[in-house]
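J.: The primary structure of each chain is shown beneath.
Number of protein chains: 2
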Amino acid sequence: MSNPIYESAYTKAGLIESMSPREYRLLRRQHKLIGETLGNCRGYISANVAIIPKEVALEFFLFCQRNPKPCTPMDVTDPGNPEPIRVAPGADLRTDLGRYYVYKYGELIDEPTDITDYWRDDLVSFVMGASPSWHYVLSDAKLQYTFVGAYVTNIQTIPAGPFKGPMVVGCRVFNDALDAIRAIQITSRYVLCNGAPVHIGDPSIIGIDISKPVVCLEGNPHLRPLQPGQVPVFWAVGPTVQTVAVAAKLDLLVMHVPGWNLATDIHLEQVALF
Amino acid sequence: MSNPIYESAYTKAGLIESMSPREYRLLRRQHKLIGETLGNCRGYISANVAIIPKEVALEFFLFCQRNPKPCTPMDVTDPGNPEPIRVAPGADLRTDLGRYYVYKYGELIDEPTDITDYWRDDLVSFVMGASPSWHYVLSDAKLQYTFVGAYVTNIQTIPAGPFKGPMVVGCRVFNDALDAIRAIQITSRYVLCNGAPVHIGDPSIIGIDISKPVVCLEGNPHLRPLQPGQVPVFWAVGPTVQTVAVAAKLDLLVMHVPGWNLATDIHLEQVALF
Chain V
1 MSNPIYESAY
11 TKAGLIESMS
21 PREYRLLRRQ
31 HKLIGETLGN
41 CRGYISANVA
51 IIPKEVALEF
61 FLFCQRNPKP
71 CTPMDVTDPG
81 NPEPIRVAPG
91 ADLRTDLGRY
101 YVYKYGELID
111 EPTDITDYWR
121 DDLVSFVMGA
131 SPSWHYVLSD
141 AKLQYTFVGA
151 YVTNIQTIPA
161 GPFKGPMVVG
171 CRVFNDALDA
181 IRAIQITSRY
191 VLCNGAPVHI
201 GDPSIIGIDI
211 SKPVVCLEGN
221 PHLRPLQPGQ
231 VPVFWAVGPT
241 VQTVAVAAKL
251 DLLVMHVPGW
261 NLATDIHLEQ
271 VALF
Chain D
1 MSNPIYESAY
11 TKAGLIESMS
21 PREYRLLRRQ
31 HKLIGETLGN
41 CRGYISANVA
51 IIPKEVALEF
61 FLFCQRNPKP
71 CTPMDVTDPG
81 NPEPIRVAPG
91 ADLRTDLGRY
101 YVYKYGELID
111 EPTDITDYWR
121 DDLVSFVMGA
131 SPSWHYVLSD
141 AKLQYTFVGA
151 YVTNIQTIPA
161 GPFKGPMVVG
171 CRVFNDALDA
181 IRAIQITSRY
191 VLCNGAPVHI
201 GDPSIIGIDI
211 SKPVVCLEGN
221 PHLRPLQPGQ
231 VPVFWAVGPT
241 VQTVAVAAKL
251 DLLVMHVPGW
261 NLATDIHLEQ
271 VALF
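Residue numbers (this note's numbering), protein chains in the order written: chain V, 1 to 274; chain D, 1 to 274.
Next up, chain V with everything else stripped away, as it sits in the complex (with noise of 0.2 Å):
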């Protein structure tokens, strides 16, 4: 932590704006990386990630396919391989994030920050596209809108074996139904990053209390009911799968900490619908 650039959040994200996925998943595999996780590589695609015994991978390929919004696998690599080498060639998954989630039997044990400890050769990664990966295209489309919060929904994902349960989403409150519409059309192009939504308009209708989040941006103005004309619109996110898989249970799980996803080499525009 020597190096001041890394020191400050605010001179971080100047700075990791415009760096190569591969330079900074070295950073974080050097530890050299604290704090603020967003923001990095603009146009890379952000992922989340998921690893699990090769015992259930087959039933958690299932849940993807059958819930495509929130875990769409950008690249799945064979049992005991950290190397995504489709979406980041080079790339350590026990390393490169920085940062893990290690549950056992659905109990978080460890928050490491490599995993080279708990690795075994029957594990298989699932990398999945994140939704903060167009976050800035909205911004460029200039869409006015603020980012509300997560909330679980009343909406089952499909079951596949030991996975199941309710869908977490993203909530973005437009205060113009055209920009609203512009936003589903934008997203709509990003089926690897959680792609369209899953909801607009009415909260209540997916068992959502708009005023509670499960995680909020703090002093968020829009934790107020919602006013006449806004357009509160619902991304399908990749908690869920953090939801689904802890419930599962599984000997092993270790999934990203929230923010400190695999930097890939695909950009955006690269599987971007026409």
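What the hints contain is simulated information worked out from the structure, not anything from laboratory work.
Note: identical chains are not told apart, hence a pair may lie in one copy or across any two.
In silico SDA-like cross-links for lysine to any residue, where the CA-CA straight-line distance does not exceed 25 Å:
#  : residue 1 : residue 2
1  : 69        : 191
2  : 54        : 66
3  : 164       : 90
4  : 164       : 83
5  : 164       : 53
6  : 164       : 86
7  : 164       : 85
8  : 54        : 158
9  : 69        : 189
10 : 104       : 122
11 : 249       : 66
12 : 69        : 182
13 : 164       : 271
14 : 164       : 89
With chain V fixed as given, assemble chain D onto it according to the hints.
T.: Chain D in isolation, oriented as in the chain V frame:
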């Protein structure tokens, strides 16, 4: 076969176009359809089917993940369940295709009309959308082309476990480049059904001699050198899966016979990209 409406391919073609997928599957289950098998249930997705032991299902899923153009699963069943409940509820994959190829260790051992005798509790079925599903859309768009045939290319699929081999493509020749461009746009919408092409232009680049298809339409006038201005366009097709899965020499593999696809309840426009 006593009902005359099923005796003639031409008569059938007229009648089956407007049938519901459910009706059509029942006729197949009852062995009432013979001969011509395309052009049914206009607008609904017709799917390729590969049925394999659970032991290699993860690897096959990985193969699909890495090679989405020839094989994008629309539905993958739980082991032992012959009902593809997400795309054809009520269907029975053991009977509703009407003709099957059964392979043991890579050898074709049977071509039964149902596979009840071969069914096992560990079989996983992959249902993958097929390009004939959008054949009529190209006609509706008034595009002028000739389907020339299918070819084995020098494009290698990305392997997974025992699954590897060359990509097989179908070729359509357009006289007008604008029609070829429009065909690329249109088929890009149908990602579950082979989607956008894998190649346009010079066939030799992908190792093809256009005069020598592995499958061709009888008397096809296009099996001659391409004329100036003609644009050949190549789409990945289902026989890629057959080639790769047979070569894997599984202890049991069941596939649909070409043309004897699964009629799903999913309309093309339900799952087309915007």
